[in-house]
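So the chains spell out like this:
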Amino acid sequence: MWINMGPQHPMTHGLWNLRVKIDGEVILDCDPEMGYLHRGIEKISEDRHYNEVVTLMDRTCYVAGFAWEHLYILASEDALHIVPPERAEYIRVMCEEFQRIGSHLMWYAAFVQDLGLMTPFLYGMRDRDIVLDLFQSYSGARMTYEYMRVGGVRNDMPPGFSAHARRALDWLSDRFVEYDRLCLGSEIFRKRCDGLGVLKASDCVATGVTGPMLRSAGMRRDVRRDRPYSVYPQLDFEVAVADGADVTGRYLVRMEEMRQSIRIIRQILDWLDHHPGPVLADRLPRWLGAPYAPVGKEDYVLKRNYPKGVGLSSIEEPHGEAQAYVVNEGSEHPYRVKFRSPVFANISAARHYLIGYRVADIPPIMGSVDVCVGEVDR
Amino acid sequence: MQSEDLAKALAPVLGDRILGVEPFAKTAGRLRFRADAALDVFRAVKEDLGFHHLSMVGGIDWVSHREVFYVAWSDRLGQYLLLSTDLPADAPHIESATPVWPSANWHERETWELVDITFDHHPDLRHLLLPDGYVFHPLLRSFKLHEPEELEVKKRSV
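Protein chains in written order, with the numbering used here: chain A, 1 to 378; chain V, 1 to 158.
Same shape as in the complex, but just chain V (with noise of 0.2 Å):
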């Protein structure tokens, strides 16, 4: 299925819910959606297309806005989908998928700790690769992994 195709597939069910379809290599296409309409999209997805295997989730921190990314898998088309949505980057938060795809929960869980991105009803959100209570977010881009200067200073004494 072409991106084309799955913009009209979809367009009935879920009209101005879906911002568009763009073409990406090797897949069926990413799906962008408005956030607020994040669960009726995940249903439709799901049922209509056969999206049932959700890869991962994932989000990038674009400093301006924050995005967060689903890959799934539909064994009735044959290929993969992405879906993709933009977050403001003050309390990104978007509804979880886990009620769609049970399988969101730990990558749900490791976007909200390494991005930021809280996901709204979740059965369990808590760290998960990082130690409890630990307040940063290493994933964003504002999370530096060493000064430059730092390193300037190392040059000079070896």
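With the rest of the complex left out, here is chain A (with noise of 0.2 Å):
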């Protein structure tokens, strides 16, 4: 019998539709229906300058926003040949970093919901908002931030930021241990968690999957650490694995990336303290956030001269190993913007993990996947 879980079921999270095939409480097969979000993101970017689409990236994953922003910039600089100052990159790697923390805390709240634990829900949505409060008092918002400029960021970080964020890193390194306490002591938690949704290193390999589902499986694969970009090369960090391949694995990488992330934002706290300057590059063409013209009427505006390029940028996203692929063919719109979502490609391998498995098991597989379906169906 095939039943539908979604668009409005509580193991959702986001509008998404899990359809699987039953036999009793055994799963005999699934099949995820996406696109119930789908907001031609690739599209309406096409349609803007190069700094109006920095909008678009918020909505795109609206728990990791600065992530994508940070994905979307690196991609167009390239592709327009324009280079940040140092500072601007090390502030945008703190807000990717504290975005992780951000994001992995709100995938905890939700998870640990999804299993019927009302405390650490509380608790993971009390820490993730001392988060936001730093972000609200650098980029004025909580959710979508619009910070990150193509060549640089909007603003420098206010007065008395770094001691700010030195307390609630701080507070939140002190956190792990409760957290920990309240799902690993729990015997409900493991055994509704250990052993399950397991997918082996080669079967994430050959289905695309990334990110701390990969490392749960044991392998140590961090786009920051093979493929180093921005500021990672001068930051110091261990990358987190687990060798469970189950929820619990992914419960332990997401734990340990927390902790990881902490690392590195004292590490950049401690640059910028010391390397005051501007933060956004000098005579940046006028054009890249130029009032909007529609297509079609180009004429409007001055023939310049436009640089052409293209640009591939990949990062770490909290949920994967996310890409951006911008192409600039001279002109104040970019031609073509292709983003490849690390989540898009782990749902996809849902027959792997799933099948096999008894229907009450599907919140905490699906919720350890940290499904957002934004940047699935953008």
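Keep in mind the hints are simulated off the structure, nothing from the lab. Since the structure is predicted, the reported quantities are computational estimates derived from the model, not experimental observations. Backbone N, C-alpha and C fix where the C-beta goes; we use that ideal spot for every residue, glycine too. Some clues are possibly wrong.
Said to hold, decoys possible - Cβ-Cβ distance ranges computed for the label pairs, FRET-style:
| id | chain 1 | residue 1 | chain 2 | residue 2 | range |
| --- | --- | --- | --- | --- | --- |
| 1 | V | Phe-143 | A | Glu-178 | 46 to 54 Å |
| 2 | V | His-93 | A | Asp-133 | 47 to 55 Å |
| 3 | V | Ser-142 | A | Asp-270 | 51 to 59 Å |
Unchecked claim - Calculated cross-link-like contacts (lysine-lysine; reagent style DSS-like; alpha-carbon spacing at most 25 Å):
| id | chain 1 | residue 1 | chain 2 | residue 2 |
| --- | --- | --- | --- | --- |
| 4 | V | Lys-8 | V | Lys-26 |
| 5 | V | Lys-144 | A | Lys-308 |
| 6 | A | Lys-43 | V | Lys-144 |
| 7 | A | Lys-308 | A | Lys-43 |
| 8 | A | Lys-21 | A | Lys-200 |
| 9 | V | Lys-8 | V | Lys-46 |
| 10 | V | Lys-26 | A | Lys-308 |
| 11 | A | Lys-200 | V | Lys-26 |
| 12 | V | Lys-46 | V | Lys-26 |
Please dock the two separately framed chains into a single complex, following the hints provided.
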């Protein structure tokens, strides 16, 4: 019998539909149905100025906006041959790492709530708010930041930010004992997570699964280390791995990643304290953020000497390996923007980690995938 | 590995099935191949150079022709590789990469519905992001977001 879990279902976290074929309680087959949140972000981007696309990036993955902004900016800077100041790069990486903590805490809260644990949910949301407060202090927004620009970032940190951030990090780094005690110490949690949703490393590679799911299978693959971008070569951190390849393994990887992010941010704050400077490149072309000129009416604008180029960027987003491919054919708008969403690939492998388990196992397994429908559907 | 080394490594296996390897920033290069030899090229790249992980498949509408591109990662080389080929604008089709890289499945479904490139022998070529029966391909240049005239009218009425 085929049943629909979604588009409105407590398991889905966003609009999507998991069709499962069951025999009694056992899952025989499944077919994820996506597209309920397709907004055509790649198409809309063709109609925007380069800096205007950043607005869409916040909406691509609404729990990891900074990571997607960084991804797009890296690719379009390559396509436009613009080099940002070093301080801007450090700030961007700090944003990305804070975003990783925020995204993983959001995952933690939603995931444990699926399992019926209400207390850790509240703790996760409480601590995520601290990260959002920091975002608000320099970008003005808690969710859709519109903070990064081609050639740098919009503004520098406010006075006293470094001290606030350090205090937040001290608070966060003491919380993991509590999280682990509530989850790993809980008999119910272990019984619902151990040995579920197993996806071996070889299957992960074949099906394109990346991120915490791949690392929980014992494979040490992280774009930040394998193909360091931005200022990651200057930073010291470990790649989190686990060996269960199951739901508990993914929990362990995400917890360790948050600890590593705290370590990275501390190094960045030290650097930022001692290296003041500009955060936006000099003499940026004005058309990067010029007033909206409708497609087909470009003759309004003076013909300029536009550069041409192609950019491919790849980053380790909180959910896995994300990529952007930006084609600049010499105009104010990108000719084509293509994104690779890690969750897109992770969900496409659903058959490999769901079949054979039971219906009651679906919430923990799909919860451990950390689905963000915004970036799957784009 | 530089793009010249890549071309040298692949030349004995693939011969004239590759049209050239161009340098591409921060990757091993951009491999241009003949569309009718797609599967041979994918297999050679995967087996001989270790590009086991396919990151994405995408298509570009250049109006005069379509381009389909693949990004693959090799743990052995520690590099990305771009593969791309040109297809004719009317009825563009290419062999599906799923026998070599199973992860191409959803990427090809997406490329098919958005850029109108058919992947032959794909196991499951149905709509993914768009509703079933949707006949338009939004990422084609001929699919306009809005007509300039409409905007003009709106501006006057404000």
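**Study point:** Hinted pair Lys-46 of chain V and Lys-26 of chain V, Cα distance within 25 Å
**Key:** holds (19 Å)
Point to revise | Restraint check for Lys-144 of chain V with Lys-308 of chain A, where alpha carbons must lie at most 25 Å apart | key: holds (23 Å)
Exercise for review: For the pair we were handed, Lys-43 of chain A and Lys-144 of chain V, check the Cα-Cα distance against 25 Å.
Suggested key: Status holds; Cα separation ~9 Å.
Review point. Does the structure keep Lys-26 of chain V and Lys-308 of chain A at a Cα separation of 25 Å or less?
Key: holds (17 Å)
Check your understanding: Taken at face value, is the distance from the CA of Lys-26 of chain V to the CA of Lys-200 of chain A at most 25 Å?
Key -> violated (30 Å)
**Study point:** Whether the CB-CB distance between His-93 of chain V and Asp-133 of chain A falls inside 47 to 55 Å
**Key:** holds (53 Å)
Review point. Does the Cβ distance between Phe-143 of chain V and Glu-178 of chain A fall inside 46 to 54 Å?
Key: About 52 Å separates the Cβ atoms of Phe-143 of chain V and Glu-178 of chain A, which means 46 to 54 Å holds.
Review point. For the pair supplied as a hint, Lys-21 of chain A and Lys-200 of chain A, is the alpha-carbon distance within the 25 Å limit?
Key: holds (23 Å)
Practice item. Decide if the proposed pair is consistent with the structure: Lys-8 of chain V and Lys-46 of chain V, CA atoms, cutoff 25 Å inclusive. Key: Holds - the C-alpha atoms of Lys-46 of chain V and Lys-8 of chain V are around 16 Å apart, at most 25 Å.
**Study point:** Given hint Lys-43 of chain A paired with Lys-308 of chain A - CA-CA distance at most 25 Å
**Key:** Judged against 25 Å, a Cα distance of about 20 Å means the pair holds.
Check your understanding: Taking 25 Å as the top limit, are the C-alpha atoms of Lys-8 of chain V and Lys-26 of chain V close enough?
Key -> holds (19 Å)
Point to revise | Beta-carbon spacing of Ser-142 of chain V to Asp-270 of chain A - inside the hinted bounds 51 to 59 Å or not | key: holds (53 Å)
Of the numbered hints stated above, the single one contradicted by the structure is hint 11.
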